[in-house]
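Chemist: If you're matching them up, the sequences are chains A and B in order.
Residues in the first sequence are numbered consecutively from 1, following the working numbering.
Residues in the second sequence are numbered consecutively from 1, following the working numbering.
What the hints contain is simulated information worked out from the structure, not anything from laboratory work.
A quick note: this is a predicted structure, and the numbers were derived from the prediction, not measured.
Using N, Cα and C, we set each Cβ at its ideal position, and we do this for glycine too.
Misleading hints may appear alongside valid ones.
[What the hints assert, rightly or not] Label-pair ranges, simulated between beta-carbon atoms:
#1 B:D483 to A:F324: 43 to 53 Å
#2 A:S87 to B:D70: 46 to 56 Å
#3 B:P25 to A:S87: 39 to 49 Å
#4 A:G44 to B:D58: 35 to 45 Å
#5 A:S87 to B:D58: 39 to 49 Å
#6 B:K392 to A:G44: 37 to 47 Å
#7 B:P17 to A:I301: 44 to 54 Å
#8 B:D486 to A:R199: 38 to 48 Å
#9 A:I301 to B:K27: 44 to 54 Å
#10 A:M1 to B:Q15: 22 to 32 Å
#11 B:D486 to A:E333: 25 to 35 Å
#12 A:E323 to B:D483: 47 to 57 Å
#13 B:D486 to A:M1: 25 to 35 Å
[Stated by the list, open to error] Below are the DSBU-like pairs computed for lysine-lysine, each with C-alpha atoms no more than 35 Å apart in a straight line:
#14 B:K364 to B:K327
#15 A:K108 to B:K27
#16 B:K152 to B:K258
#17 B:K49 to A:K339
#18 B:K364 to A:K334
#19 B:K395 to A:K85
#20 B:K5 to B:K436
#21 A:K298 to A:K79
#22 A:K55 to A:K298
#23 A:K55 to A:K79
#24 A:K339 to B:K258
#25 A:K334 to B:K436
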Amino acid sequence: MKYAFSFLAVLALVLFAWLGSMIPGMQYLFGVAIPYLAIMIFLGGFVYRVVYWAKSPVPFSIPTTCGQGKSLDFIKQDKLDCPTKTSEVVARMFLEIFAFRSLFRNTKSELHEGPKITYESSRWLWLAALLFHYSFLVIVIRHMRLFLNPVPQWLQFVDFLDAGAMLQVGAPLLYASDLAILAGVLFLFGRRLVNRNVRYISLANDYFPLFLIFAIAVTGMLMRYFLRTNIDIVNIKELLVGLVTLSPVINAQIGSIFYIHVFLVSVLLIYFPFSKLMHMGGVFMSPTRNMANDSRMKRHINPWNDPTIKPHSYAGYEDEFREFMVDAGIPVEKELPPKKDEE
Amino acid sequence: MALAKLEQLSKSVVQGPSLVTGAQPTKDWMDTPAIFKEGNFAYPAKKEKVEYLNSSSDLNFPNARIWSPDEDDWKLPENWQEIILKGLAERLEKFRSLKIFMDCCVRCGACADKCHFFLGTGDPKNMPVLRAELLRSVYRNDFTLAGKLFGKMAGGREMTVGVLKEWFMYSYQCTECRRCSVFCPYGIDTAEVTMMLRELLHLVGIGINWILEPASNSNRTGNHMGLQPHTFKDNVDFLAEDVESLTGVKINHSFNRKGAEVLFITPSADVFAEPGLYTAMGYLALFEQIGLDYTWSTYASEGGNFGLFTSNELMKKLNAKMYAEAKRLGVKYIIGGECGHMWRVLHQYMDTMNGPADFLEVPKSPMTGTVFDNAKSTKMIHISEFTADLIKHGKIKLDPTRNAHVMPTYHDSCNPARAMGLMDEPRYILDHVVPKWVEMPENTIREQTFCCGSGTGLNTDEIMELRMRAGLPRANAVKHVIDKHDVNMLSCVCAIDRATLSSLMDYWNPGCGVCGISELVGNALVMDNEKRAMGYGADGTESELPDGFRTMV
Numbered sequence: 001m002k003y004a005f006s007f008l009a010v011l012a013l014v015l016f017a018w019l020g021s022m023i024p025g026m027q028y029l030f031g032v033a034i035p036y037l038a039i040m041i042f043l044g045g046f047v048y049r050v051v052y053w054a055k056s057p058v059p060f061s062i063p064t065t066c067g068q069g070k071s072l073d074f075i076k077q078d079k080l081d082c083p084t085k086t087s088e089v090v091a092r093m094f095l096e097i098f099a100f101r102s103l104f105r106n107t108k109s110e111l112h113e114g115p116k117i118t119y120e121s122s123r124w125l126w127l128a129a130l131l132f133h134y135s136f137l138v139i140v141i142r143h144m145r146l147f148l149n150p151v152p153q154w155l156q157f158v159d160f161l162d163a164g165a166m167l168q169v170g171a172p173l174l175y176a177s178d179l180a181i182l183a184g185v186l187f188l189f190g191r192r193l194v195n196r197n198v199r200y201i202s203l204a205n206d207y208f209p210l211f212l213i214f215a216i217a218v219t220g221m222l223m224r225y226f227l228r229t230n231i232d233i234v235n236i237k238e239l240l241v242g243l244v245t246l247s248p249v250i251n252a253q254i255g256s257i258f259y260i261h262v263f264l265v266s267v268l269l270i271y272f273p274f275s276k277l278m279h280m281g282g283v284f285m286s287p288t289r290n291m292a293n294d295s296r297m298k299r300h301i302n303p304w305n306d307p308t309i310k311p312h313s314y315a316g317y318e319d320e321f322r323e324f325m326v327d328a329g330i331p332v333e334k335e336l337p338p339k340k341d342e343e
Numbered sequence: 001m002a003l004a005k006l007e008q009l010s011k012s013v014v015q016g017p018s019l020v021t022g023a024q025p026t027k028d029w030m031d032t033p034a035i036f037k038e039g040n041f042a043y044p045a046k047k048e049k050v051e052y053l054n055s056s057s058d059l060n061f062p063n064a065r066i067w068s069p070d071e072d073d074w075k076l077p078e079n080w081q082e083i084i085l086k087g088l089a090e091r092l093e094k095f096r097s098l099k100i101f102m103d104c105c106v107r108c109g110a111c112a113d114k115c116h117f118f119l120g121t122g123d124p125k126n127m128p129v130l131r132a133e134l135l136r137s138v139y140r141n142d143f144t145l146a147g148k149l150f151g152k153m154a155g156g157r158e159m160t161v162g163v164l165k166e167w168f169m170y171s172y173q174c175t176e177c178r179r180c181s182v183f184c185p186y187g188i189d190t191a192e193v194t195m196m197l198r199e200l201l202h203l204v205g206i207g208i209n210w211i212l213e214p215a216s217n218s219n220r221t222g223n224h225m226g227l228q229p230h231t232f233k234d235n236v237d238f239l240a241e242d243v244e245s246l247t248g249v250k251i252n253h254s255f256n257r258k259g260a261e262v263l264f265i266t267p268s269a270d271v272f273a274e275p276g277l278y279t280a281m282g283y284l285a286l287f288e289q290i291g292l293d294y295t296w297s298t299y300a301s302e303g304g305n306f307g308l309f310t311s312n313e314l315m316k317k318l319n320a321k322m323y324a325e326a327k328r329l330g331v332k333y334i335i336g337g338e339c340g341h342m343w344r345v346l347h348q349y350m351d352t353m354n355g356p357a358d359f360l361e362v363p364k365s366p367m368t369g370t371v372f373d374n375a376k377s378t379k380m381i382h383i384s385e386f387t388a389d390l391i392k393h394g395k396i397k398l399d400p401t402r403n404a405h406v407m408p409t410y411h412d413s414c415n416p417a418r419a420m421g422l423m424d425e426p427r428y429i430l431d432h433v434v435p436k437w438v439e440m441p442e443n444t445i446r447e448q449t450f451c452c453g454s455g456t457g458l459n460t461d462e463i464m465e466l467r468m469r470a471g472l473p474r475a476n477a478v479k480h481v482i483d484k485h486d487v488n489m490l491s492c493v494c495a496i497d498r499a500t501l502s503s504l505m506d507y508w509n510p511g512c513g514v515c516g517i518s519e520l521v522g523n524a525l526v527m528d529n530e531k532r533a534m535g536y537g538a539d540g541t542e543s544e545l546p547d548g549f550r551t552m553v
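Please put together the full structure from these sequences, using the hints given.
Modeler: Laid out in structure tokens, this is it:
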């Protein structure tokens, strides 16, 4: 029922923005004050979180190696998965961050009578994650045109590609990224419900961002494709450019759907730094992936290494076992004391 | 507790209601308490062992007492909650990995079915993600803003005795093998989480005997078996005699000898029990044949580091013996035998904790002249690296047909494979010492290798069923090549593996032996002036003893 709770929470947010934005004078709150607050919390929170992580040292070199390490000349090193140079580490991280390489490795295991366990490659999660993240990225980039005046050429080009001019479906043009993000979110949500492992581990804070992003995408699409009569794009652009240039004005009536959309985005921004969404920052900082596997070649320094921790001393060891050692002919540092009767 | 019969367990694994077999638990994991009964937990550490460790001023193993996990009262110190939370805060300050691993998990579930404990038990809390959530939920509650504001709604929960008991149960159902980490999009390493959990538990006096007793033995006698110097020497002497009996070549080995070029350190299990003994014979034969100027040490007579399974401090303390002894004896560098965790500690921690080893020289093979640049800081090389180099340069003569009786497959030990990238050296050696060998299925080898199921100090008899379940994925992959290629030997480079895989094979795949790579090297080695012992086969013809070293014990 964790998803129901998250669903209701997002529904409440929608209602709150819808009703709130209809109260005269409240447009400024939803259109200006909350977005500003959200941006500040997002940026401040993001930086705070990264600094919080960075404040702790990486005391040990603990990369997970996924291939042959560098050793003898005739043994081929896996430079990508067992990097020893910075350039190789960068390549590994690049593929991790931009191609979700570890997820690409995913397998699914099944238990059969016997018992017999089988493993097969399973790339659905990888595919859905790519679809979701890249469409999200394109949508964010594409939105820049609303904040910039004039709109730079390259942005118009992104927009053009996304709309896929040849794939014109109705007017206005249908963005591929809109469909992709819906597909991505629905798959990730469906997977949380259907895959029994994932279903069991899912928390309310796994469903909440999915519903929230879904609602953001839906309100955005409603505005663009269906509820255009209520929307004055010129006024919206005026407001958004005003926000960026720190001189926001709300000149005319803008439909509630816009305020709902903006409010949900603001909630996402506020929620971001305090949630698992911070994996966006964390993926760069994971010591198992971003370190070179060179710990036998180069000394790694632990700032809190405690020099007072010493081994049980050899002297102490020999003191305890000297007699046995001498008897067994093992060399000792200190000979046995002469026996009494020999004195 | 008696171990279930094979048929029983086989049925239970596949048909018993578990998350792996398709049964969805009705209760949320937070509402499912850990229940201890004889057979599902390792015995707690003996009071005197804990006291011994705690008596060392640089260690912290408090609250020595007699207690049992299946009793309600764990006899915790009054302020145990405060100790745990303070300990967690300290560790968050010390380890960026812990913070990242607590914050970044999106619960995508990619790790869920990668854990051998999960596949074998079907217990949801053995999904790596959930094992980490056991700690993460407390972290959220007490160390994050969202958790402080929204508590359970934000996935947080209070630190209660129930949570502590869960920590104990599931941090000792994890062998820190890091397989999950390979598949995680953020590289979240459950081994790190488990290590923290175990450290925190030790702060309030919760630990298991099969780890703390070997650890205290290692500290006092130099090795985890508790072999005193003369016994350790006797054991190696016996093995040397056996090698002589088989090969006719006298073995010249030494102990604690100052001025030797190389200090050799291997897990003490190699000189103590089968089948590790044969691996040790392999080392002895090889070193004799190439005339290596080396010495064993009775003081640093353990490669395996049981400190890794307890706390950073103890790991450092036990590991420090290696450099201390190398310095005292004045050797040039160190060669390490076949061991799993020993190599994880050597590769990822030793130089940082106990270096710089500036009193040693960069390892250089006296036979081939190869300089081991990959170990130029730690000054310690793996026996497989050393042997592979000898073979490549044609410095040893090998007769693979002497291993004709074995059809091996190779088990990548988790730690060398996933923590240092040692994969192809043993394979290269295998190529040259046996007529033929085969690989297990690709999803079960190299970095995707499956743990023996009993590492990190869990190779204790009271949890045998758990071990057999956890080892199932490994055993199953071996069974596959037994059925397909008549494999009869599982080779590896880890002493814990040699001990635990033997039990695992006896249970799931009877008839399949376990051996170290160096045993196969020693068997194939053609020594100068050798006079191999002969025997009569079933058909009455005289031939070299077909089982090599195994004939001797």
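Chemist: For each hint, tell me whether it holds in the structure or not.
Modeler: Status of the hints after comparison with the structure:
no.	hint	in the structure
1	B:D483 to A:F324: 43 to 53 Å	holds (50 Å)
2	A:S87 to B:D70: 46 to 56 Å	holds (55 Å)
3	B:P25 to A:S87: 39 to 49 Å	holds (47 Å)
4	A:G44 to B:D58: 35 to 45 Å	holds (41 Å)
5	A:S87 to B:D58: 39 to 49 Å	holds (40 Å)
6	B:K392 to A:G44: 37 to 47 Å	violated (58 Å)
7	B:P17 to A:I301: 44 to 54 Å	holds (50 Å)
8	B:D486 to A:R199: 38 to 48 Å	holds (42 Å)
9	A:I301 to B:K27: 44 to 54 Å	holds (47 Å)
10	A:M1 to B:Q15: 22 to 32 Å	holds (29 Å)
11	B:D486 to A:E333: 25 to 35 Å	violated (54 Å)
12	A:E323 to B:D483: 47 to 57 Å	holds (56 Å)
13	B:D486 to A:M1: 25 to 35 Å	violated (54 Å)
14	B:K364 to B:K327	holds (18 Å)
15	A:K108 to B:K27	holds (25 Å)
16	B:K152 to B:K258	violated (62 Å)
17	B:K49 to A:K339	holds (34 Å)
18	B:K364 to A:K334	holds (32 Å)
19	B:K395 to A:K85	holds (32 Å)
20	B:K5 to B:K436	holds (34 Å)
21	A:K298 to A:K79	holds (17 Å)
22	A:K55 to A:K298	holds (23 Å)
23	A:K55 to A:K79	holds (30 Å)
24	A:K339 to B:K258	holds (27 Å)
25	A:K334 to B:K436	violated (52 Å)
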